[in-house]
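The sequence shown begins at 99 in my numbering and counts up one residue at a time.
Honestly, the hints are just simulated from the structure, not real lab data.
Nothing here was measured: the structure is a model prediction, and the numbers come from that model.
All C-beta atoms in this analysis are idealised placements derived from N, C-alpha and C, irrespective of residue type, glycine included.
Incorrect hints may appear among the rest.
Each pair of labels, with its calculated beta carbon distance range [what the hints assert, rightly or not]:
#, residue 1, residue 2, range
1, S105, S157, 16 to 24 Å
2, K158, L102, 33 to 41 Å
3, P104, S157, 30 to 38 Å
4, S123, N101, 31 to 39 Å
5, S157, V103, 12 to 20 Å
6, E160, E133, 22 to 30 Å
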Amino acid sequence: MTNLVPSERIENRIYFLRGLKVMFSMHLAELYEVEPRALVQAVKRNIERFPQDFMFQLSKAEFKNLKSQIVTSSWGGLRRA
């Protein structure tokens, strides 16, 4: 039987970028209980199954802006500010 993920856990991982609601690969991987690298590789291997705008790479400016909104914890993970 599949365990449902609490909606709060998902909602806390949604960010607004480029006017879109997005989730980072590391958070999706966490929800699916796989390594982020494996998730990205699986998507790339099956890219024809996804809409063209399914994933994108952040620009340096977007990353810098996002980084200023997220606090890095002492153990190296990300935490929302």
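A quick look at each hint next to the structure:
For S105 and S157, the Cβ-Cβ distance of about 30 Å falls outside the hinted range of 16 to 24 Å, so the restraint is violated. Between K158 and L102 the C-beta distance comes to about 37 Å, which sits within the given range of 33 to 41 Å. Separated by about 32 Å at the C-beta atoms, P104 and S157 satisfy the suggested range of 30 to 38 Å. The hinted range of 31 to 39 Å is not satisfied by S123 and N101, whose Cβ atoms lie roughly 22 Å apart.
Roughly 30 Å separates the CB atoms of S157 and V103, a value that falls outside the hinted 12 to 20 Å. For E160 and E133, the hinted distance range of 22 to 30 Å is satisfied, since their beta carbons lie about 24 Å from each other.
Hints 1, 4 and 5, counting from the list given before, are not met by this structure.
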